[in-house]
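Visitor: Below are the chains, spelled out letter by letter.
Protein chains: 2
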Amino acid sequence: MRALAVFPARREFRIVDVPAPVLKNEADVMIRVREVGICGTDREIAAFHYGTPPEGSESLVIGHEALGEVLEVGPSVRTLKPGDLVAITVRRPCTEKSCPACRAGRQDFCVTGRYRERGITQAHGFMTELVVEDERYLVRVPPTIRDVGVLVEPLTVVAKASIELGMILRRFPWEPVGVKALVLGAGPIGLLAAMMLEARGMQIVVYSREPAASPRADLVRSIGARYVSADETPLNAVSTLGPFDLVFEAAGNARVAFGTLDALAPNGVCILSGIPGGQSPFEIDLNGIMRNIVLKNQMIFGTVNASRSTFEASVRELERFMTIFPDAVRRLITHRVSLEETPDLLRQASGIKQVVVVAS
Amino acid sequence: MRALAVFPARREFRIVDVPAPVLKNEADVMIRVREVGICGTDREIAAFHYGTPPEGSESLVIGHEALGEVLEVGPSVRTLKPGDLVAITVRRPCTEKSCPACRAGRQDFCVTGRYRERGITQAHGFMTELVVEDERYLVRVPPTIRDVGVLVEPLTVVAKASIELGMILRRFPWEPVGVKALVLGAGPIGLLAAMMLEARGMQIVVYSREPAASPRADLVRSIGARYVSADETPLNAVSTLGPFDLVFEAAGNARVAFGTLDALAPNGVCILSGIPGGQSPFEIDLNGIMRNIVLKNQMIFGTVNASRSTFEASVRELERFMTIFPDAVRRLITHRVSLEETPDLLRQASGIKQVVVVAS
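If you read the sequences in order, they're chains A and B. Per the working numbering, the first sequence runs over residues 1 to 360. Per the working numbering, the second sequence runs over residues 1001 to 1360.
Calculated directly from the structure, the hints in this document are not laboratory data. Beta carbons: idealized from backbone N, C-alpha and C, even for Gly. One thing to keep in mind: the hints can contain errors.
Just some of the chain A residues that point at chain B, by a computed CB distance under 10 Å [as the list claims (entries may be wrong)]:
{"no.": "1", "residue": "R103"}
{"no.": "2", "residue": "E175"}
{"no.": "3", "residue": "R209"}
{"no.": "4", "residue": "E283"}
{"no.": "5", "residue": "I284"}
{"no.": "6", "residue": "H335"}
Cut-off 30 Å, straight-line C-alpha distance, at most; resulting in silico cross-link-like pairs (DSSO-like, lysine-lysine) [to be verified]:
{"no.": "7", "chain 1": "A", "residue 1": "K296", "chain 2": "B", "residue 2": "K1180"}
{"no.": "8", "chain 1": "A", "residue 1": "K24", "chain 2": "A", "residue 2": "K81"}
{"no.": "9", "chain 1": "A", "residue 1": "K296", "chain 2": "B", "residue 2": "K1097"}
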């Protein structure tokens, strides 16, 4: 069967022919891959900057944002049946006894760093025709959200942040009302974050580099949020748009993330979800930032990856989005291409979310 | 009666004679001040860098870390009686209806910034003989901790951080075990934080600028913690002492706080409690710091001030300390001086915690 694989040592990236997987364990499930989303990590892997093949293999099948259909289940599988749609979780636990997170099924908090990630590090991904996976790593996706189900995985970033935030806000003995939120970045994660905050009734500003007349800005406005372009409002003037009770960073840029902290309100929370690629140090008034964090009881936290429970929350979130702003959700997916067209698409970023259709 | 007051406009700081206060409201309590601790804020006020007199007054009576004795109570007072020892809380709520924090009695989270603070801003403090205060701002201190009861107020910084941390750690579905903690700074707050973490069974390193042969380092070792001097281990080598699950910053220095974040473990929490005085920007790899925060699910939060419930927690904490390491707690108080000696003492920092004895 076909698969899209990277050969890091040879700097090759191409369609390969691989043997079809078979059910081995009682809890195994055979999945026909329908769609796989493309994200920045896939681009980095395709450019040989990232990605590690499984032990003993010289290639890595890429792809980690998958929507599939159950074809066949092992004898102990109880939660899934042939025909069900599923999202496949990405990270697999480390085997260290000392890792309380992986032992608790929360490998998104793995403390050893010895986890594997399908399509990214030491485990093959989903840009292929068939995948076999243990039931525990599969989450059912209702047929009602079939056409956007490939967004479940990217939405987990936002769903996890939301769950963490909910836990953290319990420290206040009052209900937050009229919350103002700033979303940094209008990529898929930023737009999904805006939808999540909008669905919670917050007042939202999305700040990004795209001009005010652009498809992403239109999409932001279509869900009822405000779009502010960096063209009109430079970084050092973002605080005039605030103060914001919440900042959701999805720009992957430390200068933007720390440079907008002066827009954070007392008791404000800043969620960091972007991974900055840059190396160059820059000057910033960290004394002033720290004074504000202390004197205003502020908080910054980072969030990465997601476990099964977060995928389940993400499914519920996506169902909710589809009742509130279905058109906006559908418009997030700007490209649908075949496996054969994918290598070219990976070399040039365009649109919002690009999706590989493996089987329709 | 005598009081120690600052006249900011005239740049004067001296003992003054003020009228004795009287009980006015049914819930008022008359308190004879016994001891008042001195902190960095008092030094700043005495140097005319900080502090605001009450409206209509040209002077501000300073002092906010008070231990007093109840002399007389108004007719509606139920929780206190003459002879009781009390700690007096510092911050008074703003009167804005829009402030959910002050309305919930949690003025430490005040969102308007229009609170008053006794001895600091717009309300007289406690370096005087008699104080009248509403019962709701007074917390009973058991006679068993009488000789260190003046530490209740500084300990609230640590008690509040501990309560916040407990709330936040509920996001993990496992019990943290074998926690390693780094305390930055060996001033009174740093030392009290080390005691709190030690009392919880954590493994602790206190990192500060004092040499390894110093009274503060001795005190750290006496509670069973490790002391590392900046003389032996420069800032950029602190990560070799870790990784730490918790960093408690009490050095008031952004370069130290952010410069040690590379010692923070996955899922680690950094608590900022110090208020940096410096203005000068410095170079630091914020891209790397942000990458770690995201990829390791880390958190940074600031904490300031404390409300009644935190003072109550602080009293319980201090009682506990006195059962575990009573000598170390007593050794935190290195100076006891009279009100008359206080102006000189405020101009020269020495020892650990200096206490003004108003009435013994």
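Visitor: For each hint, tell me whether it holds in the structure or not.
Guide: So, going through the hints one by one against the coordinates:
| no. | hint | result |
| --- | --- | --- |
| 1 | R103 | holds (7 Å) |
| 2 | E175 | holds (8 Å) |
| 3 | R209 | violated (18 Å) |
| 4 | E283 | holds (5 Å) |
| 5 | I284 | holds (6 Å) |
| 6 | H335 | violated (27 Å) |
| 7 | K296(A) <-> K1180(B) | holds (27 Å) |
| 8 | K24(A) <-> K81(A) | holds (17 Å) |
| 9 | K296(A) <-> K1097(B) | holds (19 Å) |
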